[in-house]
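From first to last, the protein sequence lines stand for chains G and X.
Mapping of the first sequence onto our numbering: residues 1 to 353, in sequence order.
Mapping of the second sequence onto our numbering: residues 1 to 414, in sequence order.
Since the hints were made in silico from the structure, they are not lab data.
Treat the hints with care, as some may be off.
Claimed, not checked - Quick list of in silico lysine-lysine cross-link-like pairs, BS3-like style, CA-CA up to 25 angstroms:
1. Lys225/X - Lys118/G
2. Lys312/X - Lys283/X
3. Lys41/X - Lys118/G
4. Lys49/X - Lys118/G
5. Lys312/X - Lys118/G
6. Lys334/X - Lys225/X
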Amino acid sequence: MLEKIKFYQTGSNTVGNRLLNPSMRAIQASVDRPNGLTSGHRACQGCGEALGARYAIDAAMRATGGQIMVVNATGCLEVFSTPYPESAWRLPWMHSLFGNAAAVGSGLAAAAQIRAQKAGETSVPRVIAQGGDGGTTDIGMGCLSGMFDRNDDVLYICYDNQAYMNTGVQRSSATPPSARTATTMPIGEKPGADWGKGKDVPLIAMAHGIPYVATATVADLRDLEAKVTKAMSFHGARYIQILVPCPLGWGLASNVTVTAARLAIETGFYPIFEAEYGKVTSVRKIRQKQPVTNFLKIQRRYAHLLKKNADPNTVARLQAMCDQNIRDFGLLEGTDPVAVPAAIQAYERAETI
Amino acid sequence: MSTEQIEGSLGVAKAVALCHPGVVCAYPISPQTHIVENLGKFVKGGALKNCDYLNVESEFAAISVSIGSSAGGLRTYTATASQGLLFMTEGIYNASGLGLPIVMTVASRAIGGPINIWNDHSDSLSQRDSGWLQLFCESNQDALDTHIMAFKIAETVGLPVMVCMDGFVLTHAFERLELPTQEQVDAFLPEYEPREYLTPKDPVSLGSMVGPEAFTEVRFLQQRKMAKAVHVIESVTEEYRKITGHHSGGLLDCYKCDDADIKLIIMGSTVGTAKDEVDRMRKAGIKVGIISLKAFRPFPYEALRKAIGDTKLVVCVERAFSFGGRGIICPEVKRAMEGTSCEVKTAIAGLGGRAIFGTTINGIVKAALDGKFKDEMTWFDIDSRVLNSYTKDGEGVTFPEGPLSDSQLKASVN
C-alpha cells in the first residue's frame, strides 16, 4: 500500500518526483506504456470503466512482460472497444457471450498451458477475464464460481458501475439501495432500488478460498495498479472488483468520475481491501471521513433522496450502512477489520425485517 | 487395427483419444456420461497426454470452456444431450459464429417436460439452425469412425461439428468395434494447426460487434462454409474409408435402393432395425429401400435427390417434429424433390425412447403402399387407449386405434 507517500505528482520536475523511487512511477506515466486499450474507442466522456480497464490491463501487461490475453463479457467495454472492423485492443482479446467470460477464460488458460507444454516453452501466456457488474454478479455468476471452484489460472476483473449501463441503466445485483435505475424508478413510497437485496461478490469470492481478492476504484489508480500487479504474482483464480463510476448511469458530470469514486472510498460506501486465501490482509484506510451526503449529492441517481419532501431516514440509513462498513473493515486509522466481515446486505436485511 | 467387444461410449472415447484433443470438457448428463468418464480415465491415467480434462459446473460452462480452448488453438472435444444441449444453446450459436472447430457428441435424447431420458431426435434437431454441422450415426462403428472424421471435417471447414448418436440404443450397447491404429489416425488427421488463435505472439481481436453494414455478408460467408462442407464431408469420408476399409460416414447411405418402389428416409440407429426388416420384406417381394441420412446439416439436397431418383413414394421416419408445424426431415426432402411428382410423407415414431421394431417399419411400409398416408404427417406409433383415457372423460373425444393422421388430430379439436 502507498499510504506513506506524501507527494503524488510524478513524471515532472516537482519536488515530489525527485523523492519517489522511479520504480514507483505509474505505468501510465511511461511513454513505453503498453496501451493495451488504446485511444480512439467509443466510450462516453468521463467513462470510469475505460479508465479502470486501461490501468488494470496495462499493469497486468507490465507484470507479465506482455504475456496477457483477455476475454471480455458482453457489455459497454466490449461494445465501445470493438465495433467491427475496428479494435482498440493491442493484445489478444476475445468476446464470446454475456455470461461466460470466466469459463471462456478457463478454456483459454488451459489452451495456453497445453500449447506451451507441447512446444516446450516455459513462458505461458496469462489470462484475464473481465466484465461489468451485470456480466459478473448476475448472469456470469455460475461460470465465475465454477472458475473459482477449479482454481483456474484466471484473473477476473469486474468493472462495477452498479447497474446494466450498456442496456440503459437497469438494476443489477450490484445496485445499491435507493439508487435510481430504469427498473428501480425514483417514484412511489419507496423510491429507487429496494433495500435488503443484492450480493457482495468480493466476499463470495473470498468464501471460495481463492488466492487473491481485492477491491479498488479509479480514484486511486496507483493502488489499482499495485493490486493488479500483485494479482499477477499469484497463480490460480483471482478476483478484483473495481468501482468505476458511470457519468451516464449515475447522473454525474463527466468531470467528476474520479471525485465520485474517491467519495465512495472516503465515506465508507465502498470498502477497499485485499484478501488472500479467504482472509482480509489489508485495508485502504479513509484519509478524511466524509458524510455520505457528499457522495450522494453529486449524483442524479440519488436526487430523490435529497429533495425537500424526501424521507430523511433513507439518508440516515445509508449513512449507517457506510458506518457499518467502516466498523467491519476497520476503515479508520487505528482500527482493525473484523475477522469475517459481513456482506453489507446483511445489515440491510436485518434492518428491513 | 484392433477389434474389441465394448460399449459404444468406450468406443467413441477411444476414437476421440486417438485424435489427441488438447481439452476435454465434462459435465454429466445421461446418456453421454460414459464417454467423458472414459476420456477422464485416459487423461488421468496418462494414456492421453497433453490434454486438460475440466470438470465444469454446467453445460453452459462446458461449451464456454470449449470456446475458450478452441480459440486458444487447441483441438477441443465435449459431449452432451437433451437439456444439456439446450442449456448450451447460446454458446452453440456463438461457437459456429466464431468459426471454432469444436467436436461435440450429442447422445440424442428427448427434451422435457415431461422429463424423459430416452432416445429421440428432438434435442439435436432443435439445433438445426445453429450453424453447426450435424452428422448422424447408424451404429457404434459408424459413431466411432464419424468422430475421427468429424475433427478433420471441422478443421477443414472451420465450423463446429455435432456427432449425433442415439442415446442408450448406441451409447450403452456393447458391440464388436474395430478401432483404427494410432498410425492410421495420425496419417489421416494431422496435428491441429489453427489458422488463427489467441496468442501474444500475434494479437488479434475475436468476436467483435458487427453492425448492419456487414452482418448479412458474415452470414453469407458462414452459409458458404456449409456449402463447402458438403464436399468436404464427401472427400474426408472417401479418404477415411480408403485408410480403414470401414464403410462409415458420408452424406447418406443407400440400402437396397435399386428398383425400390418405396424408400424410407431414416436417421440414426433405427436404420439397423429397418435394414433387417427390409431384408425380410424383400424376401416377401416388397420392393423397399432405405436411405440412411447421415448429414442433416449441411443438408445434402443434391445427393438425396439422386438417391431418391425416380421413386415416387418416400416416407421419412421421424423421431422429432415441429410443434405447430409438421415433420422436420420431410420438408427438407420435399425441397430436394421440388419439381418432381415424388410423394414425401412423415411417419412419427420412436418418441421419448418408444422402441421402433421391425414390425413398426413393416407397418409403415405397408400403410404407405396401401395409400393410408393421406396427410403429410401421420402419428404412426401411437397408443389411442392412452390418449382416450385423458380426452374421453375430459372432452368427450375418442380417438380410433392408431395410426392417427394429422387431419384426425385437427378434427378432434373442432
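Here's how the hints hold up against the structure:
A distance of roughly 30 angstroms separates the Cα atoms of Lys225/X and Lys118/G; the hinted pair therefore is violated under the 25 angstroms criterion. Taking the CA atoms of Lys312/X and Lys283/X, the gap is about 22 angstroms. The hint holds against a cut of 25 angstroms. Only pairs whose Cα atoms come within 25 angstroms are accepted, and Lys41/X paired with Lys118/G is accepted, the gap being roughly 21 angstroms. This hinted pair checks out: Lys49/X and Lys118/G have alpha carbons roughly 10 angstroms apart, not beyond 25 angstroms.
For a cut-off of 25 angstroms, the pair hint linking Lys312/X to Lys118/G is broken: about 57 angstroms separates their Cα positions. Restraint check for Lys334/X and Lys225/X: satisfied, since their Cα atoms lie roughly 23 angstroms apart, inside the 25 angstroms limit.
Hint violations for this structure: numbers 1 and 5, all remaining hints satisfied.
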